[in-house]
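Given next are the chains, with one letter for each unit.
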Amino acid sequence: MGPLSAYLTVSAFLFAIGLVGALTRRNAILVLIGIELMLNAANLNFIAFWRFGAHPEALAGLMFVIFSIAVAAAEAAVGLALIIAIHRHYKTTDVTQIDSMRG
Amino acid sequence: MTVSFAIIAIITIASAIAAMTLRNLVHCALALVGAFAGLAALYLQLDAQFVGFAQILVYVGAVAILIVFAILLTGGSEPPNQPIFSASWCIGGGVALAVFGVVAWTIRSSHSITHGLPAVTQPSVRQIGDQLMTKYILPLEVVGLLLTAALIGAVIIAMKEEKAK
Numbered sequence: 065m066g067p068l069s070a071y072l073t074v075s076a077f078l079f080a081i082g083l084v085g086a087l088t089r090r091n092a093i094l095v096l097i098g099i100e101l102m103l104n105a106a107n108l109n110f111i112a113f114w115r116f117g118a119h120p121e122a123l124a125g126l127m128f129v130i131f132s133i134a135v136a137a138a139e140a141a142v143g144l145a146l147i148i149a150i151h152r153h154y155k156t157t158d159v160t161q162i163d164s165m166r167g
Numbered sequence: 027m028t029v030s031f032a033i034i035a036i037i038t039i040a041s042a043i044a045a046m047t048l049r050n051l052v053h054c055a056l057a058l059v060g061a062f063a064g065l066a067a068l069y070l071q072l073d074a075q076f077v078g079f080a081q082i083l084v085y086v087g088a089v090a091i092l093i094v095f096a097i098l099l100t101g102g103s104e105p106p107n108q109p110i111f112s113a114s115w116c117i118g119g120g121v122a123l124a125v126f127g128v129v130a131w132t133i134r135s136s137h138s139i140t141h142g143l144p145a146v147t148q149p150s151v152r153q154i155g156d157q158l159m160t161k162y163i164l165p166l167e168v169v170g171l172l173l174t175a176a177l178i179g180a181v182i183i184a185m186k187e188e189k190a191k
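Just so you know, the protein sequences line up as chains A and B, in that order. Going letter by letter, the first sequence gives residues 65 to 167 in our numbering. Going letter by letter, the second sequence gives residues 27 to 191 in our numbering.
In case anyone wonders, no lab produced these hints; they're calculated from the structure. Positions of the beta carbon are idealized from the N, C-alpha and C atoms, including for glycine. Possibly wrong hints are sitting among the right ones.
[As the list claims (entries may be wrong)] Not close to chain B: a few residues of chain A, all C-beta gaps over 10 Å, as computed:
hint, residue
1, Glu100
2, Asn107
3, Leu108
4, Met165
5, Arg166
6, Gly167
[Claimed, not checked] Heads up, incomplete: computed chain B residues facing chain A, CB under 8 Å, no partners named:
hint, residue
7, Leu51
8, Leu58
9, Leu68
10, Gln81
11, Ser114
12, Trp115
13, Gln153
14, Ile154
15, Ala180
16, Ile183
Using the sequences and the accompanying hints, generate a full structural model.
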C-alpha cells in the first residue's frame, strides 16, 4: 500500500464515520457535525492528490481546499443559525420530531 | 507509511468515532476538535503548511466554538432514555459500511495511484498569495461575497422573531 492510498483510506474511513453520524444521530447539531466530518474527508483527498499528483507546483488542489474551508465555514454558520431558530420554534432539536411537513 | 502517519491517523479516526458515538454533546464537540486537529497534522505531513494552519484557525478556532455555542443555546443533550443503537442505526451503519467498502476496494484495486512521492518544493505563503491575487482573484472575490452574505443571513435567521402587530 503506497502512501497515497493510505491517506485515501483514512479519508474514506472519516467519510464513512461522518455518514453514520449524519444518517443515524437524532440531534440536528450532531447531524451537522457528521456533515463537517465528510467535508473534511473530501479536503484530505484534495490535499493528498495535490501532494502526490503530477504537478504539485500548480497549487490547484491547495487552492481548492482553501476555498472549500471558506465555504464550509459559511455552511456551518448558516446551519447552526437554522438549528437555533428551529429550537426556538419547536423547543427541540430532535430531527425525528420536526415533521410538520410530513404528508 | 511512517510511524507518525499511523499515530496521527489513529488519533484522528478515534476522535471522529468518539464525536459520533458519545452521548454528551459537549464531549462530542471536544472529540470533534481532536479530529480537526488530527486532520491539520495530516495536512502538515503532506507539506501543506498554510492549509494546515488555516484548518486550525477556521475549524478548531471558529467552527468548534460555534458548535459549542449552539449546543449551549439549544440546551443540552439527547433524551437519555432512547438508546443510540436502534433499527435506524443498523440501516445507517450498513449504508456507511457499504460506502466505505466500495471506496476502499476502489483505492486498493487502482493502479494509477501507486507511484512514489514526487519531489516538491514546498509552496511558500508568498506563492499562495500571488496565485490568490492573480489566477484565483475572481473566486476569492466570490468567496468574500459568499461569506458576507452567509454571515449576515445567519444573524438574521438566528435573530429573535418580532411579535406581529
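These are the hints, each one checked on the structure:
Here Glu100 (chain A) does not stay apart from chain B, with its beta-carbon only about 7 Å from theirs, under the 10 Å limit. Distance to chain B contradicts Asn107 (chain A) as a non-interface residue, since its nearest Cβ pair spans about 8 Å, not more than 10 Å. Not every beta carbon of chain B lies more than 10 Å from that of Leu108 (chain A), the smallest distance being close to 6 Å; the non-interface claim is violated. In this structure Met165 (chain A) is separated from chain B by more than 10 Å, as the shortest Cβ-Cβ distance comes to about 18 Å.
No beta-carbon of chain B is positioned within 10 Å of the beta-carbon of Arg166 (chain A); the least distance is around 16 Å. Look at Gly167 (chain A): its CB is around 20 Å from the nearest CB on chain B, clear of 10 Å, so calling it non-interface holds up. Evaluation of the Leu51 (chain B) hint against chain A yields a held restraint, the C-beta minimum of about 6 Å falling below 8 Å. Checking Leu58 (chain B) against chain A by beta carbon gives a least distance of about 6 Å; that is within 8 Å, so the hint holds.
Annotation: interface hint on Leu68 (chain B) holds; nearest CB of chain A at approximately 6 Å, less than 8 Å. Interface restraint check for Gln81 (chain B): the shortest CB-CB distance to chain A comes to about 7 Å, inside 8 Å, so the restraint holds. The closest approach between the C-beta of Ser114 (chain B) and any C-beta of chain A is roughly 6 Å, which is under the 8 Å cut-off, so the hint is satisfied. The restraint placing Trp115 (chain B) at the interface with chain A holds, with a minimum CB-CB distance near 5 Å, inside the 8 Å limit.
Against a cut-off of 8 Å between C-beta atoms, the interface hint on Gln153 (chain B) holds, since the closest Cβ of chain A lies about 7 Å away. Hint on Ile154 (chain B) holds. Least Cβ distance to chain A is approximately 7 Å, under the 8 Å limit. For Ala180 (chain B), the interface hint holds, the least distance from its beta-carbon to any beta-carbon of chain A being 4 Å, beneath 8 Å. With a cut of 8 Å, the hint placing Ile183 (chain B) at the interface with chain A holds, because the nearest CB-to-CB distance is about 4 Å.
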